[in-house]
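Following the hints, position chain B against chain A.
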Amino acid sequence: MTLQAVVVRFPGSNCDEDAHHAAATLLGAEARLVSHDTADLGEPDIVILPGGFSYGDYLRCGAMARFTKAMDFVARYAERGGAVLGICNGFQILCEAGLLPGALVQNSGLRFVCKDVYIRVETSRTFLTGGVPPGTVLRMPIAHGDGNWRAPEGALDGIVSRDQVLFRYVNAAGEREEGANPNGSLDDVAGLSNERGNVVALMPHPERAGDALLGGTDGAVLFQAAARSLLSKLVRS
Amino acid sequence: MKVQVRVMPKAGILDPQGKAIAGALARLGFEGVGDVRAGKVFRLDVAETDPAKAKEAAARMAGTLLANPVIEDYEVEVVP
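Going down the list, the protein sequences come from chains A and B.
105 is the number that my numbering gives to position 105 of the first sequence; each next residue is one higher, with no gaps.
261 is the number that my numbering gives to position 24 of the second sequence; each next residue is one higher, with no gaps.
Bound-form chain B, shown alone:
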């Protein structure tokens, strides 16, 4: 079963990368782009058939290693 973990910088935490991307978009002529936040996506193939258990396992991995809870939030979902 595949599980996706999306990690994003917390609201209020400075995201220099997102800021640079926003600046580049503006320079390229893409108008009307406000704030840009850059995060990470992890696709995990887990040996689990129960979606609830797969999500729970991925959430434990996210809380332990994939995300740093001081600066990042994460969301877990089962994907096809």
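Isolated chain A, as found in the complex:
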């Protein structure tokens, strides 16, 4: 049995090829790159929204991409319980679409930040972290100007108590500290899931950390976990 993965390419996506490569090699999926103006993405086991600068980040990051035919499909697909992974700009698009709570605004330091960071897995209840013990520290790169997550007013406590915080920025030892958060994100949030756990996203780039040649393999941990979770779902159904 082979997983079917779809990577949506928006005008301005620039991590689409990397995400496609990761889906094919790390997830072991039959992976397709599809255009944003595709209304029917078929019956994939996972949809990946890649990083980049869709629509030039005009208006707000992800604000335009959210109103595409592919995103109409993704909203219905997520509603049916389909697995959706957003990376960087994909995270911003999912927030704009209301599929994840909150919004991502400009980094508190005003600068575009491009470096390796450490993130801590906070829950293993999602397909992306299934079987990965909470507390696991992963190193992978970030490259964004707008990764400063803000919760809807008064919603943070609920998001935390429903175990929707998927990753937090930490230091190499796995501890939260001021210098470890690269963008001012509220509660050190680096990744989130929806309540059901089928829509997940993170600002760091696991697809850029899947090969020792690229400087790290911690990203592979997440794609392999996703492969296990999604394949076991296939077997059960």
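Calculated from the structure, these hints are not laboratory results.
Be a bit skeptical, because a hint or two may be false.
[What the hints assert, rightly or not] Dumping the calculated EDC-like pairs for lysine to aspartate or glutamate here, alpha-carbon to alpha-carbon at most 16 Å:
#1 B:K292 <-> B:E314
#2 B:K247 <-> A:E153
#3 B:K277 <-> A:D57
[What the hints assert, rightly or not] Covered by chain A, per the in silico footprint, the following chain B stretches (three or more residues, Cβ under 8 Å):
#4 253 to 263
#5 302 to 310
[As the list claims (entries may be wrong)] DEER-style ranges, computed between Cβ atoms:
#6 B:T286 <-> A:L214: 56 to 66 Å
#7 B:T286 <-> A:C114: 48 to 58 Å
#8 A:Y58 <-> B:K239: 18 to 28 Å
#9 B:G276 <-> A:M1: 50 to 60 Å
#10 A:S232 <-> B:V283: 52 to 62 Å
#11 B:E293 <-> A:G154: 27 to 37 Å
#12 A:A212 <-> B:G271: 43 to 53 Å
#13 A:S108 <-> B:G269: 23 to 33 Å
#14 A:D37 <-> B:G300: 17 to 27 Å
#15 B:V270 <-> A:E178: 22 to 32 Å
Ideal Cβ placement from N, Cα and C applies to all residues, glycine included.
Quick look at chain B alone, frame taken from chain A:
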């Protein structure tokens, strides 16, 4: 008819851009500037002759696309 939509970061939402502008003003010697908030203004030319309807249409556009209600508030007014 022209309608103006003004979008501002919500009170309590961090505005890094406004903060940087406040810092620059202080460095330039402009004294007494406290908080600075940076927003956006949209001028829409709408095919509508009734001001109330024009405002209503612009408000729908603002709520759907121009503003993100999680982090921003908006105001709509008809302009000459």
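Check: Which earlier hints turn out false for this structure, listed by number in ascending order?
Finding: none
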